Structure formats: structure tokens, C-alpha cells
Amino acid sequence: MSGVETPLLLIAIPDGHTTTPAVSKESQKVATGPSTTGSSNAGLEIYNAIDAQGLIVRELKAKDAKSQATKDAIAKLLELKKQYKEVTGTDHKPGNPPASQAPVAASSTSSNSALDIYNAIDAQGLLVRELKGKDAKSQATKDAIAKLLELKKQYKEVTGSDHKPGNPPASPTPAVAASPKSSNSALDIYNAIDAQGLILKKQYKEATGTDHKPGNPPASQTPAPVSSSSSNTSPLDVYNDIEKQGNIVRDLKSKDAKSQATKDAIAKLLELKKQYKELTGADHKPGNPPVASAPPISNNNDDLSKQIDAQGLIVRDLKSKDAKSQETKDAIAKLLALKKQYKESTGSDYKPAPSPAAAAVPSTPVSAPTSSIDENALLKEIEDQGAIVREAKSKDPKSQESADAINKLLALKANFKKTYVVMTRIAILVQIFIFFNFVTTINCEGFFDEVFQRINIQEGTACYRLLNGTDQFGCHGTSKNENGLLVEIKNEQGIFENIGKCFKNIYPDYDGMFWLLLPVEMIKKNTVAIIKTSNCIAGLVLYNEKVFNIDDSIEASHDSECPNRLSDFYKDPAKNINSKGAILPEGLRDIHWDLQMVFIDNSTEIEVLKKCYSLFNQPISGGTISHPYCGMSFKLSNAAAGNSDICYRRGIDAMNSLQISLDTNGQNNAPCIPLVGYNIFGLPIGLSTLANFSREPTYMVLASRMDSFGVIADVSPGEISVITSLIAMISAARSIGTNFENWSKASKKSNKYLMFSTFNGESFDYIGSSATVHLMRNSEFPLPILNITQLRNINLQQIEYVVEVQQLGSSKNKKLYAHVDKKRYSNKKEEIDGILKRIRESLVQDGYTINMSIENVTPPSSWHSFAKFDENVQNLVIAPFDETYEYGRFNSMLDKNTWNDENKNKVKKEIEAVSNSILSTAAQYVGLENATKVDEKLIDILFECMIVSRNWFDCDFFKKLNGGRYEFIGQTYSMQSKSTYIGVGGNNPLRFILHWLYIFALGSDRETLNVKDGKSCMHLSENQAVYSYDWQPNPYTGNFSCYRSSVRFNQLQSPAFDIEGYSIKNNRTYSTWTESVYTIDSIKLFIMEDSSFDYIMLILAIFVFILSIFSITRCKEDTFIIDEGEQLAESGEPL
Amino acid sequence: MGTLLTISCYIFTFSPSFCIFCRFIAHDPVRIILFFLGSFFWLVSILFSSLIWLLLSQILPKPQSFFLAISTSILIQESSRIAYFLLLKAAQSGLNKITKQGQISVAPGVSDLQNSRHMLGLVCGLGMGVISALFLTMNAFAAFSGPGTIGMPEALLKSTVDVNRAGKYLPAFYSASALLLSCFHVCWTIMIWDSCHRFGRMPTAYLPGFAALITHFAVAYLDS
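Line order of the protein sequences matches chains U and P. Here the first sequence stands for residues 1 to 1135, numbered as in full-length UniProt numbering. Here the second sequence stands for residues 1 to 224, numbered as in full-length UniProt numbering.
Chain P on its own, in the form it takes in the complex:
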């Protein structure tokens, strides 16, 4: 336990995101903006989620309110993705004007929007993924830098040592789940946006979005 562990955890968790960021986003100012806008949308959704959780925890007993809050949170997160899609859709013609190659006003490094709906999904989804992974891990990693790991109050309360506890591997598990979460968000964004894009054009348009929603629920409930 120590600073070294915390640093390792951060490297573990964010290296794919970091690589994607360097490879596809860093060189393009517009993408950087979209990346952070994605983070912003996720933060707003978590804000609303927490308000609803607060409300629910007032009325319902703990387990019900907790699961209900998680479900609403997932729905809100997915809605925020859709909202982001709609926003971007409304803005794309304007964006196109600054990004189109050959224009005098074009900023250095910006790349075309041509056929780039999945690329946009990747950029925005990564923004959401990174911020949610950061939220998931920050406190835990800070705790790992200290002398202790999670579980003492619970152990004292129950007077037993949890046999299923991750033990010394907890940091690895934590980092891996956060790593996956950031990648999941990229996936989910691409899938939802695909559904949004095809909505009204194809009868099977809802499929990828639906799949994203289901997997999001699955991940959340598996985690908890």
C-alpha cells in the first residue's frame, strides 16, 4: 500500500483511454471540445441522478431505493447520451463549416466530419467514460495510498472477516472494472448514437441502443 500502488492503479485504469485520446483526440481542437462536453453531459446526468437518489432515499427503505436509484441513474445517463446526440446533430452543420477542409477559416488540426459519426461517438463516449471511471476510482485509489484497505468497519460490525473479499487483489479488480467502464461508455455511446442515427430509417434501429441499455444495467447490477 502506498503512493506507488495508487499510481499503478491510475496507469492501469486510464492507459487505454489515454492512448485513444492521444491517437484520435489530442490533435483536433474540435474533438477535444467534444470530449470534454461528453464529460460535462455525464456529470450533469450524475447530478440529476443523485438528486433523484436523495429523493428516493427519503421515501423508500434502503435496498429498494438503492436499486431504483441505480436504474433511474442509468436511464438518465442514456438520456443524456441521446440529448448529446441531438445537440450535436443540431450543431453539425455549423461544425461542418469550420471543419471542412479547404476553407480559409479552418483551424489547424481539425479533421473533416465526413462519415465520422462513429468517430464522434468514440470521442464523446470516451469523455463520458473517463469521467465516470474517474468518479468510480478516485476515492478508492486515494484510500489505497493510505495504510488500509476497504472493509474494517463492516468486519467489526459483522464480527467476521468477509471470505469473499478481494484481499490484496482489490486494487487490480478496481482498476480493471474502471478500465472496462471507460471502454463500455465508448461502446454504449457508439451504439446509442447508431440507434439514434438510424431511428426512422430502419425497423431494427432500436437494437443497438437496446443492447447498450441492457448491458449497462447488467454491468451496474453485477457491480453492486
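Isolated chain U, as found in the complex:
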């Protein structure tokens, strides 16, 4: 209870600042009186008045800037601002209302405030668990549970969001770029102490100068400097003085209790105490600073709660020493007594003070943007902690400090992602297992190891279920398609001849299912139908046999003929742009397969499978073959079924029902998880913080997508689908970054800016771009308004162009196309013509030709998301295709190529040409005469690193760029191999690479050369939102420095899951893709025997049974009791 009102402390701060008695009196009223109603707040009132007046002034100015009315209004505005400064002690800043106004209103609305309920839920949850542990069925338990549910309901009513343990209602402040001011950072540290212990305690001490004490939030520290700088009248000052004086008195007393000095000191002390009482209305009590008097609860209660806290500390201390000693018991007894007393005086149970920072923020419902920021903050924290750990390790790897730091890092990481938690647990189990193995070193093979040859399947390499709002797609293992006979398909002929007959011609006495071992490229237009319709195929084991050449014309796109047809701007455009490459018109992804699919990347494992086939199942040419066979079993079980609506909504509901939420620590237990990805936004020139614009700046979005998929979603190398375009964008960004002055000048002159955007999830109905647009429409892009700086967020209307490049490297005869929407083009013909002219000039210089495709229906691109909500935004897609995609492996498991010098050069030239044309486009837009050229060498390097090298961090450039910051933790395919699938965890290393590359490209360390370590670099990010400061290595040299950039990453999921009441089932505005939670078995190979013997065995068994009955019933007791004439045996002691 007491803690909830703590934010009021912040109101008290400015009051101490005022010097006139009248104001001080008034402010005192604010601090102690019924201020909790949130109305009579002087600062806020004035702030609002200023706002209103500002509006009037602007209006008047617009009409007639020199009229008397305007002048009067301005004068009044200035007056108000002055007044504001007097009251709050700070200058008026628009968009930055006096601190802690909002929380007052929020937290003081009633005792039902969200935080209160949250705490109550926690306490009640604890109670329920306790009761359950004792007697799960007792009436008391039921009552407690009922109460808990009631509380949760209440909580939801108040906050609008469901209760989640470990997630207090107030939206957390510490956003990466928007960290709170110093006082808040102290608060943050205070919060973190509870969870994170020693390290933070140390930090806390550094920040506040005092040791951390529970229940003593640092808010009480902040007023001190403020008030002492102004006058002596502040209660806290007096309080401090009293303490000082008290110390002096004690000192003197101990020296000479009767000396004059002592008496004087005592007199002064008494004087101070009197003053204190006058100020605060309460007697001075040691250990109870005056700020605590701010909350409406009487001093007494607060005092009590403090005592309880202190006593709690003692108890914990004692317990840790000797839990059973008399001393401990006494302490506990005292604690209980205190709590009782507390309850008597307050009417409510004592609860540890909730974190003040939580209350210092408007307790708005936790909405998606804030949660995404939370994620960012957490990630940032993890990264920072990683740095701390490395530092600590380098000093002394065994010290307590480094151990603590490592622990904290682990804790943070565990926090970060559910999978990580699971991973950690598995890791622990594995460690235990290894430990036991080590101790015993038994070479023990279980019996099943003689039966099964296992091949472990990595997470992400098997086809699993994806769901959208209406249907389920992908694969699911059942008892029917689990086991099968393994057949290697060596050529298409095998498919055509045998599958229809279910291989009866080869295996006449087998009538089960078949697993087909075949290379990925064997899934073709003509084979897929046979495979799909056959009812004797258990599944496919896929592998890469051949890596194609960029020029090979193979039609193997796993996407549909019309990608994202449902979420298109044109609403079902019926333009089959991918008709050439698509294996099936509807795409392989959007099929509910009856069979399962596994992809095996490891050649030795493929060899094992082939061997198994050749040993047992391979017929001698044309003949048949009988038992034994090589059988295979594999099963992937999905938790979700139906569609996203069913599994997501109901899953969340189920989670909120009692049992699950209590036991799962608040983790989302829905059987399916919305696809969510990191999107990276790089602004060459930081956002404006100007209070007023004469004209809103406009933006050109330079977009590229960072995701693709395959029929097994994770296996998506996406070389041409994604990565070449990313290279072009990054190179262009780098060119702008290195010629920053010119670009900046031009932008500022024309008020036209650029924004590099890398959208994630575009191949799943535009997740990234639609979420971005959703944020823009809510004025939350790039950041929600956080009252930290007067950041001018980007609104959707400010976006003029969305320029995207696609599928670079697949052009035929150096011919490129610029796709423009016809209807919109006609509105802005001249301007677009100018841009197109520049593009043409640039491309011609590089030896390419470009055709203008001004068409009614433009190809799928991120522009569609923008176009849906803004009718003015212009589209420009630069790509090597016209009516249909030239590249046959768009969004495919086969989007991977072999590279010889010739091919490399061709693609690199194309990337370079397009990258230059992007620069021309941008230059024409911002009004720069001579566009810079891209760095050819950078394209070379990026091409080698992102496309040619086998793994992400194989090449030197990326190794240096990484600088040990990213370590592979998980065993999933997307973490271990190159994958461009969006996924649900955000663990794909690609996003780190892109983020770092954009920082490298657009950032600069010129302004921050004096920053020498990561920690201080991080601190620079704290108090502003325009720039982010990242401690990262220069990829050329590997030397770390502090990069200032306007590059940020947002973790975004489809707005469908963020908008309250959005109909996932019926509304097609936003992507509704979710991924099912699933479990995978390993592949097991075994010898399959003829089952005809089963019945013989049964007959044999029955025969043996009957035989036993007949033979044994013939025996009598006498059969085994033989009189040998022994005396003792006769009398009953036979042995």
C-alpha cells in the first residue's frame, strides 16, 4: 500500500524548490493533502494551460502574426511559462508534462489501482499455492482460488490486459533509447535490485551514494540535492540536518556529556526538530525521512511498514545464518507482530513496497509497442550484461564478481526468451547426465540402442504446422504417418512408376506407408501432385543433392503464384507474378499436408539413410524384395490445430484459467505463437526534436525485406529472394553515411528525409510493414510518446515514397524494371518522372537498361501495407522482373547457389548498379545534385560474407563486426545455419548482422571518440531518443568504439494480435500467421520383420499355456513332498 503512493515524492520535489512561503504552503498542501485525487496539481494545470495557450498563439500567428491579439496571447503564454517554471523548477517543454503527473492520476484513482491488484494477485497466488500444497481440495483452497480469479478479473478490468506474473501493470520505462532521467534510473536500479542482487546493489550505491535497503526507494534521495540548493525550509533538508546534528551531539556526548559545546549542539538539535515539526506536521523520527509523509497514509503506517521491512531483513539474515536458533525465532515473532500491527492500523495486509518506478509511469495497459520496447530493453540489458561479464572474466574469472555477473547474465538471458529457459534446463539436465556418465563411465547401451539407429533432427528442419486466421497448413505427425518403409527415390521415374502402385511391384508383401528419401529439387510441378495425392506416403526426407547455378532455369518456388494475395492492397489482384516459378499455384506452404517432411543437411546422416535403404530395401534390378526391410519412424507433433483464432485466442484464455497460469510463471502457454520479427530502421539524419515545424518533414522509405521461407519454413537461404537486396541497401546506406555532410545539408534544405527500413515477415502477409504502419498511425513510430524528449514521431502522412528493391542478381540481359502504380503516378507525374530519369541515368552509367512498368497492379512489396492506409504514398519497385518473376526459386528451400567468378561478378555488378540507382533516387528526392557512388569493395565483402560463406559468422568481416557479441546458444536450424525465416523467437542472427551493419553504415564515432568503454557508451543513450549509441567494433579493424546512429530495431508482430477485439478469423487487413508449438522425435531406423508370424506366435503361446495347465495340474503336492524318512523333516523342519 505505502509504496503505491511513493510517486508523490516526485511531486514534493519541485515544492521544496520554491522560496516564497505562500507557494511553499500551497505545495505542501499538494504534497500532503488530498493531492491523490490528481486534480489540484499546480504544475500540471499550468502545463495544460500553456499547451492550450500555445495552441491559441499558433492559431493566431497563422492568421495574423502581428495583430494585437496575437501579441497578447504570446504575452500570456510567456507569463504562463514563467509561472510554470516557478512551480516546477524547470523550463516548460512541450510533450513533457511535469514529471509524475500521470501516475498520480493513474495510481490514485482508487484503491483498485492496477498495481495494488497486481500485488494482491501475487499475494493471493502465493496463498493458493500454499494451500494447494497442503490440501488441494479443501474449502479454504477453493475460496482462495475464487478470490484469486476475482482479483485477476478485476485486474483485467483496470488495466485492460491479462494478469501475467512477473509483469507488473505499469509499462516499464527503461526503453533503450528512451531511458528515464537520472532519478528514474536510480529507481530502475532499485527495482532491479530485488531481482538481480549484488551487482545492481553496487551500481545502486554508486548512483545514490548509499547502500541499498529494501523498502527505501532512492526517490527519497533525489529531493535532497534539489531542495538543498534552494533553501533550508525543505523537510528533507531539515531532516538531514537533524541527523547530522544528532551525530554531532552523540559524538560530543561520548566525549564530554556536560561541556558547553554539547549543550549548544543539543539546543540546536532541538531547534531543528521543532522546525522539522513545523514543516512536516509530524515529530522527527530517526530512519523516517520526511518524504515518507507525502502519501496519505499516516506516518505511523509508513513507519510500521519500514519497521517491518527492516525486521524482515533481520529475519532473512538470521535465517541464512541459523534458521532454528532462538534469536531467529524471536525475530520472526517480532516481524509477525509488526505485520499484525500494520494490518490493524491500515486495515490491509502488509505487502512489500512495490517498486516505485513502476508507479512512476502511467499505468496504461501494456500494449504492443511498449512490450516491444521492453523486449528491446531486455535485450540491451543482456548485451550490456554480457559486456560486464566479459570484463569481469578478463579481470578474474573466478572472482565472486564475475560469478555474480555471469549469474545475472544467465538470469537475464533466461528472461529473454522462453526457449532459452528450456534450453538452460536441458543444458542442466545434459550436464547432470554427462556428469553421471563421467563419474561412472559406463559404456552402457540401452536395449533400444540395439533396435533403433537414431538420427537427431534439429528444431526447424522438420515441416511443422503454420496457421492463419482461417486454416492450418504444414505437416503433422500422427500414428498413421509415423512409421514407414524407407525408399530412396533416385530419379523422377521412380516417383511416376511406383508411387501410384504404392511400390507393390517392389515390396509385394508390405502394405504399410513409405518414407521417401529424395533431394529437394525432386519436388517439382509434375511430381508434387503425385506425392500429394498418394495415400501410402508417410513422409519425405529431403536433402540437398545439387546446388544450382544462378542461371539454371529451375522452377522451384515454394511460394504461391501470387504471393500475399489476400493481404494485397489491390484485394485479390489475380496477377500471377510467380506463375513461372511456383511449384503449385497455391504454394507449397499453404497446404495442409497429410505427410511429414524432414530436411537433413548433414551428409553423413544422409549416407546412413541411403545405406539403410541399399542394405535392406533395394531390389535387384526390376525384381521384388521381401522382409526384412529398413523401416523409418519420425514424428512431429503440433500443439495447435484449426486456425490462429482457435489456438491463439483460446490458448490465451486457457492460460488465464487457474491451473496453467499458476504453474507456468506467466509464460504464454498458447499452443501457437504469432510470428514476430525484428525490423531495422536506419535514419541517416536523426529525428527532429524541434517544438514546431514550419512544415512537417517528409520521408522516402528505402525498403527491403529480410525474410523468406520454404516448405520447411526455416530452411530458407533466401539468397536472391532477400540477401542481394539487403546488400544493395546496406551499401547505399554506407555511401550516405560516409558522405553524411552533403546528404544532411540537402535533406535539411528540402525538408525531405530518408529512412532505410528492413521489414521482417513480408512473405507472411507483410507482418513487419503492416505493424510499422500501425505504429505510424498511432503516432508511436519509432517510439511511443514517452515524455522524455520532444521527439517528433513519424506519421504515416509523412511517408511520400516507398522504394523497394527485389530479387537482385536474377536479371536477364542486364535489364531492370521500375514498377510504379499507375493511378498514383498520375498524381505526381513530374516528380516521379524526375526520379525515374535519375534512375535511368545511373543505371545506364553502370551498363544496365531499365524499363518503366507503370501498371495498374504493382508487384508484392512493402508498399502495399502503406498504401492500404495512405492514399498518397507512392510506390517504386526496382527489380529484374517485369510481368513475372525471372527467378524460379523465389522463397524456396533451394534459393541457394554455387558461385563461380563469373556468376559472382554478374550479381555483384547488378547489386552495385541498383545500389547506385537507389542513391540516385534518394538524391533526386532530397535534392542532391550529385549522388555519391557505392563502395564496390564493400559489396564484394558483403557478398562473400552474406552469400558465399557457409555460415553467418564465417567471414573475417562479420567475425570482427560481431566482436564476440553474438554467441550461438540454441540448437535450432535458424541459429546454426543461414536461414531467413521470420520465426517466433527473434533468434535469427541475421537481424543482429543487419542491425550492426546499419549502425556501421549510418553511424559515426566521430562525436564520441572520447568514450572508451561500452558502459559509458550505453549511458549516452539514456537520456534521449534521437540517437542510439552502440559500442561495436569497426568491421574492418575490429576495434570497438561508440557509434552514434539513428538506427533502431523494433520487434514487431502483426497488429492483428495487438488490436483489441480484432477478428483474427474474419478480418483480412493484417497478417494472422502463427506458428504451432511442436515437439520432434529423432528419426529412428529399424529392421522391419514380417508380421505374419505374429499370429503363429499367438497360437504358440496359447498352446504352451494349455500344455502347462495340463502338465502341471497333473502334479500334486506329493510330487514335490517326498518322504525320505528323515526325523526332522517329518516333524516339520525339512531343511
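All clues stand as given, with none of them false.
Listed below are the simulated DSS-like cross-link pairs for lysine-lysine, each with C-alpha atoms no more than 27 angstroms apart in a straight line:
#: 1; chain 1: P; residue 1: 89; chain 2: U; residue 2: 1116
#: 2; chain 1: U; residue 1: 610; chain 2: P; residue 2: 168
#: 3; chain 1: P; residue 1: 100; chain 2: U; residue 2: 1116
#: 4; chain 1: U; residue 1: 504; chain 2: U; residue 2: 490
#: 5; chain 1: U; residue 1: 490; chain 2: U; residue 2: 580
#: 6; chain 1: U; residue 1: 480; chain 2: P; residue 2: 168
#: 7; chain 1: U; residue 1: 610; chain 2: P; residue 2: 158
#: 8; chain 1: U; residue 1: 812; chain 2: U; residue 2: 896
It should be emphasised that the hints constitute simulated quantities derived from the structure, not laboratory data. Computed from a predicted model, the values in this text were never measured in an experiment.
Using the hints, position chain P against chain U.
Chain P alone, transformed into the frame defined by chain U:
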């Protein structure tokens, strides 16, 4: 392959034991206790055997350690039989008091111990036999319920299909050997106990025990 096969195997393996149990043991509480005590003694002996095997496998290479472990295991099993005999011998006068007919305290169904040393051997030996047969077959029968049979890892390792493999008859062979094992244990117990009983009374007392030991070794090495 399937559940049916597993059930057939169990019926095959344990029907003689089941019949003996019903015929001679089930009606007598004392015999039931002795039956399970037999199982217990065998379990203890297998525990010690496995500890010794663990130790041996640390020091010796695989084939030697394996055969040595089997030999010690047989010796331990036979020792446990002797230990059980000694225990029962020490307890028989007490047992006699509860089982003797005509006593007031006699429990319903208990039968006299008069001249019943072979009967005791049967009861206790069956306990040992059933538990050892269960140990032998449990995993295999569980595997039979699945889709596969034994041998794939080995076949892949050696790149050949074992020509001597039992193939589809493996379950029958497995069940038969387990059936025999349970009966062997009855035999061996009766024989060893006979030796123990006659020890010191007859010069040829060691013969049946010796025969039991030899046949136990023979069965073990034939199996492996």
C-alpha cells in the same frame, strides 16, 4: 509386430510359471512370501553382479570383462541361493510353528512343512526364475511392441545383414529361452538346496549342486 505379439510373448514365457504359481503357491500365504523372497534374493544378487561388472569394465577390455562378469554373476546367484537356504534353515523352526496343522494360530491355507524341502525349493526357485525371466525379456518384449526388431545399428555398422539372425522368429526364441530360464532356476534351486541339505551327511552331496553350477554356466555361455 505390435501389442499382440508382446502379449503372446508374455503368455508363452510365463504360462508354466503361472500354472505352478496357481497350483502350488497361490493358496498358501507363507509360500507367497517365500516366492517373493526368492525374487528379492535374485535381485540382490544381480545388484552385486552389476557392481562387479561395473568395476571390471573399468579395468579390463570388453570381451574379458564381459565373460568374467558373467561368471561372477553366476557365482553370486548361486551364493544367493545358498544364502537363502541358510536363512530358511535358520527360520524353519519358527515357520514350522505357524504352519503346523492343529495349532490355533495357524493361518488358513498354509500347508505343513513336513518333508517339503523340494517344495520349498520349487517355490523359492520359481521366485528367482520368474524375476530373472522378466529381466531377460521385458525390454525385448517392449521393443517387439514397436515397429522394429533388434539389429539395425549393428547391420549399419557392419554394412551387412546378419545371416544367422533369427528374423521373424526372434520373439519365439526369446520367449522360449526365458521360459526355460525360469524352469532352470527352479531346477537349480532344488539341486543346490539338495546339496546344501546333504552337505556333511553324504560324500556325494556336492554332485547335484555342482551339476547345477555347470549347467548354469553352460546356459549363460550358450546364450551369449
